[in-house]
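Chains as they are written, first to last, in full-length UniProt numbering: chain F, 1 to 354; chain G, 1 to 354; chain H, 1 to 354; chain P, 1 to 354.
Treat the hints with care, as some may be off.
Claimed, not checked - If you anchor each label on the Cβ, the simulated ranges turn out as follows:
id : chain 1 : residue 1 : chain 2 : residue 2 : range
1  : F       : Lys256    : G       : Ser200    : 27 to 37 Å
2  : F       : Thr53     : P       : Gly62     : 42 to 52 Å
3  : G       : Glu24     : H       : Asp46     : 30 to 40 Å
As the list claims (entries may be wrong) - Derived lysine to any residue pairs resembling SDA-like cross-links, with alpha carbons at most 20 Å apart:
id : chain 1 : residue 1 : chain 2 : residue 2
4  : F       : Lys256    : F       : Arg210
5  : P       : Lys51     : F       : Leu291
6  : G       : Lys54     : H       : Asp292
7  : P       : Lys4      : P       : Ala350
8  : H       : Lys253    : P       : Asp323
9  : P       : Lys135    : P       : Glu94
10 : P       : Lys232    : H       : Asp318
Unchecked claim - Interface residues of chain G toward chain F, partial, derived using beta-carbon atoms under 8 Å:
id : residue
11 : Thr171
12 : Tyr197
13 : Ser200
14 : Glu206
15 : Ile233
16 : Ser234
17 : Ala241
18 : Val242
19 : Ile243
20 : Thr247
21 : Val327
It is worth saying that the hints were derived from the structure and are not from the lab.
Just so we're clear, the structure is a prediction, and the values are computed from it rather than from any experiment.
Ideal Cβ placement from N, Cα and C applies to all residues, glycine included.
Residue strings, one per chain:
There are 4 protein chains.
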Amino acid sequence: MAIKAGVLGATGSVGQRFILLLEENPEFELVALGASKRSSGRAYGDVVAWKQTKPIPAQSSGLTVHECSAVHFTSCDVVFSGLDSDVAGDIEEEFVNHGINVISNAKNYRQHPQVPLVVPTANPEHLDHLANHDKSKGIHICISNCSTAGLVVPLKALQEKFGPISHMMVTTMQAVSGAGFSPGVSSMDVLDNLVPYIGSEEDKLEMEPRKILGDVDASTGTFLHIPQDEFKISATTTRVAVIDGHTASVSIKFAKNKPSKEEIIATWREYQSQCELLKCKSAPEHAIVYLDQPDRPQPRLDRDTGNGYTVSCGRLRDDEVLDYKFVCLSHNTVLGAAGSGILIAELLKAKNII
Amino acid sequence: MAIKAGVLGATGSVGQRFILLLEENPEFELVALGASKRSSGRAYGDVVAWKQTKPIPAQSSGLTVHECSAVHFTSCDVVFSGLDSDVAGDIEEEFVNHGINVISNAKNYRQHPQVPLVVPTANPEHLDHLANHDKSKGIHICISNCSTAGLVVPLKALQEKFGPISHMMVTTMQAVSGAGFSPGVSSMDVLDNLVPYIGSEEDKLEMEPRKILGDVDASTGTFLHIPQDEFKISATTTRVAVIDGHTASVSIKFAKNKPSKEEIIATWREYQSQCELLKCKSAPEHAIVYLDQPDRPQPRLDRDTGNGYTVSCGRLRDDEVLDYKFVCLSHNTVLGAAGSGILIAELLKAKNII
Amino acid sequence: MAIKAGVLGATGSVGQRFILLLEENPEFELVALGASKRSSGRAYGDVVAWKQTKPIPAQSSGLTVHECSAVHFTSCDVVFSGLDSDVAGDIEEEFVNHGINVISNAKNYRQHPQVPLVVPTANPEHLDHLANHDKSKGIHICISNCSTAGLVVPLKALQEKFGPISHMMVTTMQAVSGAGFSPGVSSMDVLDNLVPYIGSEEDKLEMEPRKILGDVDASTGTFLHIPQDEFKISATTTRVAVIDGHTASVSIKFAKNKPSKEEIIATWREYQSQCELLKCKSAPEHAIVYLDQPDRPQPRLDRDTGNGYTVSCGRLRDDEVLDYKFVCLSHNTVLGAAGSGILIAELLKAKNII
Amino acid sequence: MAIKAGVLGATGSVGQRFILLLEENPEFELVALGASKRSSGRAYGDVVAWKQTKPIPAQSSGLTVHECSAVHFTSCDVVFSGLDSDVAGDIEEEFVNHGINVISNAKNYRQHPQVPLVVPTANPEHLDHLANHDKSKGIHICISNCSTAGLVVPLKALQEKFGPISHMMVTTMQAVSGAGFSPGVSSMDVLDNLVPYIGSEEDKLEMEPRKILGDVDASTGTFLHIPQDEFKISATTTRVAVIDGHTASVSIKFAKNKPSKEEIIATWREYQSQCELLKCKSAPEHAIVYLDQPDRPQPRLDRDTGNGYTVSCGRLRDDEVLDYKFVCLSHNTVLGAAGSGILIAELLKAKNII
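Whole structure, please, built from the sequences with the hints as guidance.
Given below as structure tokens:
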């Protein structure tokens with residue numbers, strides 16, 4: 001039985017990625033599309049400015065677009081939201097209140113204590129706390145920010161084995177696709193140039209890992225942040241001339257035990273998330289790959305590993321200031337956005353939550 | 001009286017930059033060019049593959065190229081070396097032994113205790129210790145690595161005012177011009193891509209600032225490194241799709257006094273090096289500029305400030321792990337290479353050393 | 001006596017370029033700035049999002065911005081319009097009707113038979129027909145489209161010497177700066193990509209050269225197009241990942257006399273426009289440069305020749321279908337836009353028209 | 001029964017592409033790899049600098065590399081040559097003389113009258129003339145130049161339906177991957193730049209289509225060029241900042257019948273080559289796709305259509321000088337190089353020639 005899926009914000013860049021991934025995935029059946037009033041009542045193929053490297057799927061192209069109102073999505077087992085944050089708040093609330101399950105790429109509810117913030121290959125166990133959720137409402141889950149997603153997977157593997165990370169410093173070099181395409185990042189900003197600033201991105205990167213790697217109060221179903229003084233994060237985020245794939249230069253310090261480099265690499269290579277163990281269809285063979293070549297990972301060469309669900313790490317070295325430093329790379333529109341949403345839905349099915 | 005100048009490695013990319021800067025500068029007269037045996041005896045314009053954005057200067061074009069042997073450079077007040085490191089060691093030694101003053105962009109002698117490593121707007125006072133050098137030999141001075149140059153200027157300003165920096169973490173995003181053009185960085189490496197590795201660059205960046213910001217033992221004329229445990233540096237260096245201009249994401253911690261952000265910005269804005277005080281012709285009006293806009297500095301917009309001799313800083317923020325973080329940018333082929341050589345020679349003249 | 005100048009559309013990218021060029025040019029005094037109602041009454045420096053590679057000039061920064069109404073510009077000898085075409089039509093008409101001289105970068109009046117369409121190094125003699133213009137009105141002059149400007153200069157040189165060109169086929173590879181920066185060309189369109197289409201650009205390129213290279217009916221002051229069947233132009237225009245500098249692959253056929261390649265190159269090298277002869281300050285030393293290297297011109301290396309006023313040609317070869325083919329390059333924001341406006345004003349002064 | 005395949009020049013960029021395509025294709029079994037003496041006797045994975053976006057296939061990685069001598073390739077049904085042209089001439093001759101079938105990407109034999117020059121979706125019928133070849137020797141087939149491949153497919157479709165094309169003018173914008181990666185195209189050449197010249201490329205583009213679209217003298221097995229005065233081609237080739245995908249701006253004139261635009265588009269859409277008819281595994285569903293959007297085809301969005309075997313056309317318009325103009329795009333390392341080799345081998349099998 002395929003999971004019946006809807007997509008909100010279907011004409012935007014995140015929405016288009018959801019649709020592509022859903023159409024390629026036999027676990028899902030795309031049944032409803034939502035966009036702005038302007039597009040409603042028309043065929044998707046007639047209103048979308050399709051900008052993907054694969055053609056628009058024929059089935060989606062013929063679907064009628066609806067306004068983003070719960071009444072049009074009652075047949076959906078899950079609705080993926082690629083809405084802009086200026087409208088996502090109200091719309092997602094209305095959907096959840098009408099009992100519709102929502103997996104959202106918008107930032108609005110990421111810090112909400114009752115809403116899990118999930119990177120499926122990092123903290124899938126947070127979803128277990130939804131099993132007993134208030135059945136009068138839909139489930140509401142947030143996908144992390146794109147720059148967060150790639151970082152927390154290797155951190156989670158280390159945390160499981162060697163205990164808490166106490167400090168992290170990170171400088172990211174982020175791809176332009178994260179900003180969409182209309183207009184997205186201006187070419188004047190990244191040709192022969194880079195921009196050492198992405199609005200509010202550093203705040204997200206300093207906040208979200210503390211929730212994703214944090215505990216859950218099972219009694220109240222509250223998702224807790226690691227206190228700031230137990231996990232200090234300093235982030236600088238920059239935009240570079242790369243289409244897809246966020247690269248991060250990361251330094252970390254362990255709170256207690258400092259493993260050896262060999263232990264870290266072995267831990268990453270052996271790491272398996274529930275996605276792999278539960279044999280989710282989109283789960284990568286390896287959630288983390290460690291590359292031995294001295295000049296890897298590189299976005300163009302490594303972003304598609306595991307169909308974009310694998311985080312590629314490399315260059316693990318001693319750090320003069322903290323314990324270790326390394327480079328990690330993840331696909332910002334797959335693991336960092338739409339792809340995580342799909343894999344979360346697969347986890348929900350595997351866990352019999354939907 | 002113009003300074004009579006020679007250039008070694010004249011056909012390479014650093015050599016070409018030396019020649020352009022010398023021809024535009026009335027303080028200098030270019031009198032001798034050295035290159036490999038293959039080019040010797042021929043007119044410079046006939047052997048060089050000129051790849052600059054300004055045409056080859058007519059006067060240089062007609063100069064005869066010599067082999068890099070001291071005998072051809074005896075009329076030079078100073079010789080600028082743009083030689084590759086595989087040949088720079090022996091050739092520069094022969095020049096200095098024959099009494100010729102050499103300012104070198106090669107890495108070979110940067111760690112030599114009797115050779116000053118100078119960024120002219122950071123540690124010009126190191127040159128004073130050459131005033132009494134062994135007159136049987138030429139003066140030998142090294143220009144810093146391109147990624148070092150932009151960092152040490154704002155650090156020096158802070159060190160002067162607030163005492164030592166004890167920790168620095170830096171991730172650079174470096175321009176391709178640093179690697180020259182034949183072949184330099186392959187386009188396959190930086191189109192829709194970046195390379196998070198530059199061979200041996202991190203070692204230089206972790207070593208050179210400790211000498212440039214270090215003391216001199218005046219009795220022996222020895223240039224000392226700040227001990228590693230007093231100034232810990234952790235560097236990650238990456239190559240990005242930018243033609244000119246190295247950007248760095250920097251975090252620092254002060255050893256003793258932690259100034260306020262306002263004090264730091266004021267210090268940078270008020271900083272004046274000897275280059276400005278001695279009115280060196282190539283000296284920038286400001287050795288450091290601090291930009292208030294949240295998304296600056298950017299390489300394409302800011303690298304040419306002060307004709308490429310100014311370091312642009314911005315984004316000063318509190319750092320969760322160390323004290324502060326900021327972004328700085330410098331022009332890698334001006335302050336980071338040939339330009340520094342020119343300004344060092346102007347300093348030598350102003351100080352009556354040559 | 002400096003020419004008193006105003007700039008309309010001052011906050012846009014063309015307006016910013018006008019301001020930079022005016023401030024660097026002692027022939028002009030910038031006295032008035034016009035922008036949208038939203039900005040009026042405020043200091044220019046407070047309303048502009050300055051995106052040039054040189055800092056905003058201090059004097060302009062302090063000027064108060066006005067609405068684009070003639071009443072605020074009566075002190076101007078000439079007003080440069082960088083307005084968008086959706087508003088340029090009415091505003092420029094109002095200015096001219098109030099006796100203000102307007103030199104416009106907008107497309108609105110380019111095909112108007114009484115308005116000269118001028119590339120200053122190609123058809124400056126068209127301006128002579130303004131000497132006796134209706135004094136109750138201001139002079140109105142249009143700058144050509146950016147892709148036209150670079151083509152007509154080498155064509156004019158040939159036409160003067162060898163008679164009419166009857167056929168031209170051209171494919172352009174145009175820089176992104178032509179589209180401005182907010183948003184301009186999206187980075188998703190030109191990273192690892194090009195777009196073989198620029199809206200309505202081909203129409204301009206097939207129409208404008210026929211007016212610029214055409215005759216003037218002196219009795220009526222009417223600017224005539226060369227009939228389409230006497231000068232057939234086929235254009236394909238594309239957008240590529242270049243910041244500044246439009247490159248064109250051009251094939252031409254002469255109507256009558258087919259000169260030799262040597263004659264063409266000599267003609268280009270000897271060509272002098274009235275700009276040079278009248279010693280206009282911004283006039284390049286050479287309106288056309290022919291490069292002998294087989295791989296030139298290239299935008300990054302050659303666009304700044306003559307401060308962006310020189311057209312660089314190269315690769316003249318026999319053409320299997322027409323007579324000859326060659327590559328030409330021009331700076332789209334200098335000769336192709338604001339710079340031409342400045343040089344036209346200098347011509348008007350030199351010709352005692354203003 | 002899989003086709004037993006060998007690859008010459010296995011460590012180069014073309015060789016790597018052959019290996020990737022062969023490993024993904026169950027029709028083939030890769031059994032032998034040839035490279036320079038320096039690599040011989042070692043495991044492929046140990047000697048290759050793998051630079052593909054997919055990991056090196058495990059099976060290939062373990063194969064022992066041999067010198068390029070026929071003795072090591074006797075078990076191969078076909079050998080694909082990715083050799084550089086400076087060595088391809090002698091080596092391929094030795095292979096063919098030893099009875100080994102060679103499909104070569106090198107240029108050396110492309111103009112040889114007994115060697116077919118084949119773009120599999122354009123002139124597969126040329127292969128029929130090999131059925132009766134001298135059995136004492138191997139078959140020798142050349143793949144066309146990468147810039148030729150994309151052009152001749154739409155031309156062939158038109159030629160079949162409307163008779164000969166008499167004139168073609170083309171300006172290409174070619175991707176950097178065509179030049180390989182060590183060093184390939186320098187980043188200094190294509191960042192904020194393009195190079196309007198590719199050595200000897202225009203000659204190939206003016207010559208090869210006349211052979212591919214030409215006749216075969218069945219009695220002698222001679223592959224004939226269309227005489228130059230019956231098919232005039234004028235080409236300008238440029239290098240732009242695109243990783244994969246050659247774009248061409250094309251104008252054509254028909255010798256006799258000028259079809260309507262609708263007829264041309266219909267012809268392209270209905271075109272089927274023998275590859276499709278014979279159900280070759282790598283054959284695209286459509287050898288030609290015509291895109292209705294005004295700004296397509298674009299390399300990043302359209303190069304992977306049909307796994308890189310489809311030619312994308314768009315922008316068909318009337319041409320002022322010739323009959324029509326259009327834009328076409330093809331994947332230079334698939335249809336334009338290694339992929340064509342694979343598809344040619346599949347055709348040989350389907351035709352029972354091997």
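Outcome of the hint check:
no.	hint	verdict
1	Lys256/F - Ser200/G: 27 to 37 Å	34 Å, holds
2	Thr53/F - Gly62/P: 42 to 52 Å	32 Å, violated
3	Glu24/G - Asp46/H: 30 to 40 Å	36 Å, holds
4	Lys256/F - Arg210/F	17 Å, holds
5	Lys51/P - Leu291/F	13 Å, holds
6	Lys54/G - Asp292/H	16 Å, holds
7	Lys4/P - Ala350/P	15 Å, holds
8	Lys253/H - Asp323/P	17 Å, holds
9	Lys135/P - Glu94/P	15 Å, holds
10	Lys232/P - Asp318/H	12 Å, holds
11	Thr171	4 Å, holds
12	Tyr197	4 Å, holds
13	Ser200	11 Å, violated
14	Glu206	7 Å, holds
15	Ile233	6 Å, holds
16	Ser234	4 Å, holds
17	Ala241	4 Å, holds
18	Val242	6 Å, holds
19	Ile243	5 Å, holds
20	Thr247	6 Å, holds
21	Val327	4 Å, holds
Hints 2, 13 from the earlier list are contradicted by this structure; the remaining hints agree with it.
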